[in-house]
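Put together the whole structure using the sequences plus the hints.
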Amino acid sequence: MKIALAQIKTIQTDFSQNSKKIIQFAKQADLEKADIVVFPELSIPGYLALDNFELTSFQKACTESAKEIASETSDLNCILIVGNILISNSRKPYNSALVIHKGQIIASVKKTLLPEYDIFWEGRYFKSANTREVVAVDGKRIAVQICEDLWDENYEIKVTEELIEQKPDLLINISASPFHAGKIRERITLVSNAAKKFNTAFIYVNMVGAQDGYEGEVIFDGQSFVTDANGSLVSLAKAFEEDLAIVDLSSTKELVIPNTEKIVEIYHALVLGIRDYIERNGFKKVYIALSGGVDSALVCSLAVKALGSDAVTAVSMPSHITSEQTLNDAKLLAKNLGIKCELREIASLYKSWEQGALAAHKELNSITKQNIQARFRGDIMMEYTNQESGAILLTTGNKTEVALGYCTLYGDMCGGLSVIGDLSKSVVYELANFINKDAGTDLIPESIISRVPTAELELDQTDEANLPANYSILSPLVDLFVEEGISLRQAVDWLEKKGVKDPEEIARRTKLLIMTSEYKRRQMAPSIRVTRKSFGAGRRFPIIKPRMINE
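Numbering-wise, the numbering used here comes out as the position in the sequence shown, counting from 1, plus 440.
Wrong hints could be hidden among the right ones.
30 Å max Cα-Cα, derived DSBU-like pairs, lysine-lysine [what the hints assert, rightly or not]: (1) K473 <-> K725; (2) K532 <-> K460; (3) K636 <-> K693; (4) K442 <-> K580; (5) K802 <-> K791; (6) K725 <-> K693.
For the record, the hints were derived by calculation from the structure and aren't laboratory data.
As the structure is a computational prediction, the values presented were derived from the model and not from experiment.
Okay, here's the thing in structure tokens:
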């Protein structure tokens, strides 16, 4: 039996484009003599169509698109398995897999297990299936399940076991499984164990591309694959790009499970996230505030990789505080990347503001004087994007800073996409070094990477003097609080094991900053999700004065 893994990129709500792509891939699979061509979960409407799923007109459009696909592939010999919705007798449709053959939708398989955690809200939109049945078509018995139906460890219903009891010829899972670093190895291990346990070949087809998950850009990494009945990996589609992988189950060869470094996966995920966000929303150009620090340097480098140097413009905005090194580093980075770098000084703006502010307040505190500089810069950057049609500002704050609220509302937080908002400061440095290593030259100047981090909003300022600890401690500590949900006591224990001075003070202050900065994060641009727990839809805490700091 020959199987085609149609790993496609779909755009939410773009029925015309999505249908054309499905038809195109199906015809190519048929030319290559595939018996079955398998598409990802909800590939007709797009997985993250969100509240569109509740609209009657949207549900009807899904149905009409499925009929069009069936009609346009009526002359093909192969069987199509396509992710779509199925209208039910209630307001909620089913998340379904349609089985199409010879111009007819001959069966539909409904999803049973609906995830309701992290970024998943499927119970809000879909009904759950009551039964699990194998589909018989063209002499083949096919067991089809949909994404979460495979990940049944924490559910009473065991979808895979129920399907296997019906003795299918093969098992197929269609998915829209979001990326985080290391996720592909988790998927292969799970599927391989199931294939061995049930002695059946297992087809796993995943979506590829970036989609808006409401308050965050969700990455689907593709990497669809097949394991044989022994659990051996025998086919693996490309990572982070579309692919049509053909595998003949009667003639397979074992492949090595990929062991790609996590930093490499993150790099490709961010590049894909930038490119898809810009293209999907019709932007043509991006602007980036270039501070001379590693965060903005990294964002510039990623944007150039995703969009090309002609689509990226940096703006350097020195103040009365800005050092010569900062200016030189910014110029060198722009030269290395081949991007245009505008110069807009804000010293005169600051001086004029200071005169008026002193007349109003008599005395100005440090925070006021620092934040106004960031807000001048934010206004200038928005000016550039307003002046040029199709332009958008990329923000440059990292996850550690955003977690602690070490950022300025309506200043450096201005923008439409937070490129590294899910990268801790330590990963920022790791990724900057990887980019230089991969390029074989210092695209990001070493002087930027080795420099002591500073917001440079007052003389002799350093980030670490303003924060509870240095980044080597603070970056992983923030990740433990945000991604692992550790308690204050666990944080103190972790710091004590590290030999850190004043562990209770550092842990308490760090947690307090995270808790009191929720109001800022609610106003940040959507970030690109690359970890298990990113800020946005997958992490929902109320804006409220902390009352559980000691927990």
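*Check each numbered hint from earlier against the structure, then list the numbers of those it violates in ascending order.*
1 and 6
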